[in-house]
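There are 6 protein chains.
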Amino acid sequence: MILLTRRATFSAAHYYFNPAWSQEQNERVFGRCANLNGHGHNYTLEVTVTGSVDPVSGFVVDLKWLKDVIEREVLDNYDHRHLNLEVPEFASTIPTTENIAIAVWNRLQAPVTAAGGASLSRVRVYETPDIFAEYRGE
Amino acid sequence: MILLTRRATFSAAHYYFNPAWSQEQNERVFGRCANLNGHGHNYTLEVTVTGSVDPVSGFVVDLKWLKDVIEREVLDNYDHRHLNLEVPEFASTIPTTENIAIAVWNRLQAPVTAAGGASLSRVRVYETPDIFAEYRGE
Amino acid sequence: MILLTRRATFSAAHYYFNPAWSQEQNERVFGRCANLNGHGHNYTLEVTVTGSVDPVSGFVVDLKWLKDVIEREVLDNYDHRHLNLEVPEFASTIPTTENIAIAVWNRLQAPVTAAGGASLSRVRVYETPDIFAEYRGE
Amino acid sequence: MILLTRRATFSAAHYYFNPAWSQEQNERVFGRCANLNGHGHNYTLEVTVTGSVDPVSGFVVDLKWLKDVIEREVLDNYDHRHLNLEVPEFASTIPTTENIAIAVWNRLQAPVTAAGGASLSRVRVYETPDIFAEYRGE
Amino acid sequence: MILLTRRATFSAAHYYFNPAWSQEQNERVFGRCANLNGHGHNYTLEVTVTGSVDPVSGFVVDLKWLKDVIEREVLDNYDHRHLNLEVPEFASTIPTTENIAIAVWNRLQAPVTAAGGASLSRVRVYETPDIFAEYRGE
Amino acid sequence: MILLTRRATFSAAHYYFNPAWSQEQNERVFGRCANLNGHGHNYTLEVTVTGSVDPVSGFVVDLKWLKDVIEREVLDNYDHRHLNLEVPEFASTIPTTENIAIAVWNRLQAPVTAAGGASLSRVRVYETPDIFAEYRGE
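Chains as they are written, first to last, in my numbering: chain W, 1 to 138; chain G, 1 to 138; chain C, 1 to 138; chain U, 1 to 138; chain S, 1 to 138; chain Y, 1 to 138.
Worth flagging that the hints you see were computed from the coordinates, not collected in a lab. One or more of the hints may lead you astray.
You can't tell identical chains apart in this list, so a pair holds if it fits in one copy or across any two.
Stated by the list, open to error - Calculated lysine to aspartate or glutamate pairs in the DMTMM-like style (CA-CA distance at most 20 Å, straight line):
no., residue 1, residue 2
1, K67, E138
2, K64, E89
3, K64, D76
4, K64, E27
5, K64, D130
6, K67, E27
Keep in mind it's a predicted model, so treat the numbers as computed, not measured.
Here chain W stands alone, though its shape is the one from the complex (with noise of 0.2 Å):
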């Protein structure tokens, strides 16, 4: 068993926000992360699969593939969006480096499993260089 691991990366905007909580306790809990004109980040992400290594080819999967997938699957729509005005999964949940990386597996896991011979292992977000959140599908 191998892990193989692409990295790949977008660009968007967010804002951390409680429509349930006051402004004050936004404020207080989220920072100046709770600013609602948004800010943004240069986002990295890395996708692991887990599978044997193919005799004939010696690929675990075609990265050609697996950078396809994660382009159409992801980059195409987070890249350069507001990820709370434009991307289903966080209209009502919080963009956090931990949601972002739970809704990236979420939509990898069944194109990487359909495609056969591999398994989504891990997904790893960093917001920034010293912020970083893993994700295993359990």
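Position chains G, C, U, S and Y against the provided structure of chain W, taking the given hints into account.
Quick look at chains G, C, U, S and Y alone, frame taken from chain W:
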């Protein structure tokens, strides 16, 4: 003469949109950056001052002072903000990487000059690790 | 369950020296690190906690809180210090990267556990970009 | 138990080509990597060993020894070489990132085990900063 | 005047060999780089143009256009190629980092100049993160 | 003319202390750096030489030779040393990043000039990834 550089980072949202143009023309020139919901970046800033080394302290300038100037003049106004909506110099100027470099220069030149001992030499702004603009005041 | 990581840095001096050994044996085992004048590094620390995501805040833990804990428990005691001479746990334990990882774990486990909601999962310490140690508490 | 990692780099040429296939099939599966003139990379290798910390030295293993083992077993054979043409394990196995990770594991496991005190835990190979494979020996 | 830089990467094979010299002399001057099987690198390229900022668009040049020029003129010819065997300017010139920087300048200067509005200012080529050459056209 | 740069690293301890001042004044000016137990950094050094490209070798200078000069003149004297206590030029000059850049220039200029063919152009010293000084000899 020594060049001394301090790096800093901020996260902000922006969009590229010229209200004198049609939506179509904005999208043709600015592509996905024309999305008025905004997107964002982790910007990295490199501020370089130049001067002679004080023989007593070994400093061109006190880096703690330079850090404070950058925070007060730039980060407090840009970090976790929407550049187009909240930063005066981008109310009618598009916040491209080039214009951000000029704006940071304009914010820093007076306080650096006023302190004496060193002059502002260079401002470099990275929008992503792959794109950066540099302004030297002329 | 999500793994959430916060990175931090500190700069410190240290040396490797076992007083029960002769100078020659110290130099044979520890090489240039046995120099009692000390040398130093910019250490990078990655602290990982694990827990479930709070559905209201979207957080595993508040990263601002985690940053404060790391600063109070680790950075305030290690940064700009001589590890052998000023940090109690290295008075008679050699501050190798391995031992620093264990010591950071020991400093953080109680306050992270006391806060509830998440547990300390992993501490990784980079002595240089090319050398790092990781401890998981067992 | 501590995980201790040492990073190393090497520069090598390779191509992806299965002689049992036609030129067309090689190009369809391997794209530009099928070019028999070869291309190359700066590979980054992370070798992780695991063990308990020696209470006297503070070491899991001596990192100088680990560096020497990696140089003798891997770098002396891979660096500035053409992997397909000069490295025996790639004479009939395609040197994908996955297969390089397995080959490095196979080269290192015996000498690390023979030294006692620690076992080989993980080999990670970066072909570029955006693509890496990891093998744990099973 | 603003300096605007775009980074790009390519992976290629090369060797250093002067056919007018004996094998021994090649190995004495070029060391392991004289291996005619070739080796390779992930090259990083920084292309800097200079000009004034268009007050309407906020651009020195359109970075999408600059990216396309770099891809068409450089990457399509260098990426996943053997520089000595497949790139005309290196048929009889050794593809050192210095000569690659000059060659990239020569490929880019005419199309950048022809576009008007900005001039090519600097080409920097990294062979590894630790070695880079820079050419400014004179 | 080409600028050719080689990067190197060293780890050292230092403190900032002016013996002509009181302890209070040292702490006011130098903050935590005034701690006489010392602290330390992983310094990164970039040494740039400039010259024309030898048409036979494709070299401005032989990078192996440049590496050896840097090791002999700088790293052998600075790495794993206490700069204040063990390096003559810092016996009475505070080893700030600025002064280290000047000292490295002074150590390298004669041997680089003596070799002929290229001149020393620039020395850049990073104390951390966020702070660097650059000296050009004038």
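Output the numbers, in ascending order, of every earlier hint that fails for this structure.
-> Those not satisfied are hints 1, 2.
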